[in-house]
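A.B. asks: Letter by letter, the chains look like this.
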Amino acid sequence: MQDTTESLETYTYLQELTLLCVDDNKTTQLLYRSIFQDFVKEIIFAHDGHLGYESFKSINQDIDIIISDYSMPTMNGLDMIEQIRKIDKVVPIIFASGIEDVGIIVKALSLEVNYFIQKPIKNHEILKALENSAKLLIANETLKKQKEKSLYHSYQEDKGFAKELNILRNDFYYQMIEGDSIALVDFLYQPLDVLSGDAYCARCIAPLNSFYLMVDGMGKGLSASLTAMIMTSFVNHIIDKMIETSSFDFAVLIHETMEYIKPILLDEEALAIDYIHIDDKEKMLYYAKFAMPVLLMEDQESTIVRLKSNNAPLSKWQDTFNIDSYDISNIKKFLIYSDGIVENTTINNERPYSDFIEEDFLNSFTREDLKNSFFSKIKTQEDDISLIYIHKLIPSSTNLGYESFPTNLNSLNQANEWYENIWKGVTSDETLSYKASLVFTELYMNAYEHGNLAIDSTLKHNLMDEDAYFESLQEEERLCDKKIAVKVTQVNHNSFVYIVTQITDEGLGFDTQILSEIFRNSIAFNGRGVFVSRKNSLGIYYNTKGSSVLFLNKV
Amino acid sequence: MELTATSDTLTITGNIKSISDFQDIKNRLDSMKTTTKNILIIIKDSISVTSSVIGYFNKLILKDKITLRMKIGNAELMELLDDLHLSKTFNVSKL
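Note that the protein sequences, when read in sequence, are chains Z and R.
For the first sequence, my numbering assigns the number 88 to the initial residue and increments by one for each residue that follows.
For the second sequence, my numbering assigns the number 120 to the initial residue and increments by one for each residue that follows.
Straight-line C-alpha distance at most 35 Å; calculated DSBU-like pairs for lysine-lysine:
id, chain 1, residue 1, chain 2, residue 2
1, R, K213, Z, K547
2, Z, K236, Z, K215
3, Z, K547, R, K184
4, Z, K194, Z, K113
5, R, K156, Z, K622
6, R, K178, Z, K246
Not everything, but these chain Z residues come out facing chain R in the computed CB check (under 8 Å):
id, residue
7, N500
8, N503
9, Y521
10, S524
11, T528
12, D552
13, V619
By construction, these hints were calculated from the structure, which means they are not laboratory data.
All values reported here derive from a predicted model rather than from experimental measurement.
Using N, Cα and C, we set each Cβ at its ideal position, and we do this for glycine too.
Taking the hints into account, I'd like the entire structure generated from these sequences.
C.D. replies: In structure tokens:
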């Protein structure tokens with residue numbers, strides 16, 4: 088063998104292997120022993136194909152390489168190989184014989200014999216075949232390990248991401264905030280890696296009182312992700328406690344989280360963070376921004392307002408922080424985001440997206456519009472993208488219709504007709520009208536059966552299975568005097584018209600956090616109506632109680 | 120929405136949207152399933168489908184043990200059924 092590093096590695100590997108030599112010739116057996124005894128751990132001899140197969144079968148886990156002759160009594164080498172290949176497709180086989188019959192060689196090839204040696208045996212030829220067999224085994228083992236490792240990592244990543252989503256608490260998942268106007272709260276969280284350096288949380292502190300956190304662990308990889316997740320997790324914990332004791336204090340929250348994270352940060356580590364508190368009763372926004380991109384707002388006159396960072400990036404050496412405030416009485420839109428979106432190169436002369444974000448923000452009505460504008464301007468997403476988009480709908484929108492329907496199946500059809508007629512006055516595009524009507528049917532039906540009649544999903548499916556659903560609905564209706572209110576308004580934004588439909592029932596509502604489960608796992612049986620509704624509208628938003636739902640369509 | 124049916128095939132033309140559409144589909148299929156266990160549903164052009172119809176198809180397969188096949192004409196509906204992981208359950212193919 089050649090004295091190279093690779094050969095040395097192969098030689099060391101061979102020392103652990105067992106060789107099965109199948110040959111009826113005593114002289115060949117002696118020759119094999121003299122050649123191989125210094126290279127392999129053990130040599131097992133068999134005198135014919137039948138014994139060779141039996142040896143392999145009985146101790147097949149221990150035999151690593153097979154050398155076989157062709158002509159032998161009882162069973163020839165090829166028949167033995169055929170039997171062995173039925174139970175082991177990969178063990179390296181060296182076929183050493185004097186046979187020159189093409190038919191036999193072709194059959195041996197079809198049985199995936201790895202090497203052919205012509206007798207009489209030459210030491211260097213058989214040793215080369217042995218070395219190559221060992222290399223094949225090493226390669227197979229490496230591939231197997233890589234596959235196992237890859238499966239392990241993929242499993243771990245899936246688990247890690249599921250946990251990450253649990254940490255990113257979002258009290259406004261598919262929600263609106265109802266005050267003197269309705270605020271629609273939307274999120275975009277699109278990490279590049281499974282474990283992201285970006286994290287956020289959105290918390291409802293009290294009615295009309297919300298808190299938003301956006302963390303960007305500077306740098307990439309596991310360390311940045313760990314910091315961002317630990318930080319978010321701790322902020323959520325503190326907020327939970329503050330909500331429990333009705334003692335939310337913005338400054339205390341910042342102070343406590345800084346004290347918590349500082350010992351964990353590495354000496355050179357820095358964190359970019361947005362702490363944003365929106366008090367919609369007082370119409371004030373409080374912020375402590377640590378080296379984050381500007382917070383964008385749009386006022387009623389469609390002018391952009393920029394809130395710049397008022398703190399350096401958070402490091403373990405930082406002791407103080409600033410909180411500033413801004414009067415938001417005149418503000419209708421907010422955009423909180425990490426730097427991933429603005430630093431992304433665009434297809435427009437490779438200019439960064441920061442050159443376009445303000446204009447796109449002004450032109451967008453929903454997060455979906457902004458998202459579409461962003462992705463239409465870039466070739467590839469270069470970093471994690473996280474943003475929170477809040478839009479307060481103008482109370483002075485054009486009213487297209489308001490109606491209150493009793494809770495019965497006949498009214499369901501009347502409500503559908505009433506709604507379709509409104510759409511006939513809005514557009515002649517039948518596809519748009521159909522999609523809006525479909526969403527209306529789904530969400531109105533939810534208000535009717537789950538809201539006012541309080542039929543839960545399990546009962547519904549049981550009744551459906553028993554073909555007793557409609558009869559049960561009619562029975563329940565007789566005892567129900569609740570109403571379903573529908574309000575349709577039109578908002579003009581740039582050259583587009585948005586139709587806002589709000590359906591409100593008088594039921595007990597539901598925990599809207601289950602929507603998160605539905606959208607994470609659409610295989611689940613329940614919630615398909617909500618899934619269909621989201622698919623056919625710009626977005627659906629529930630109130631905190633879950634008794635009122637609003638959906639948007641763009642015309 | 121219009122329905123036409125043979126002994127084992129239900130063809131749906133137009134958009135499926137209202138609760139009465141669901142009731143019509145259900146009535147037809149309830150009648151068909153008394154004579155056959157293999158039903159082909161052709162949805163020629165509907166862009167989407169209501170969750171009550173989806174729930175009913177599911178019940179036909181899982182509870183009533185009806186073998187459903189579905190031929191879909193509209194790409195958006197194909198995508199929706201795929202998003203809901205229903206392509207395999209409903210034996211969906213393109214019309």
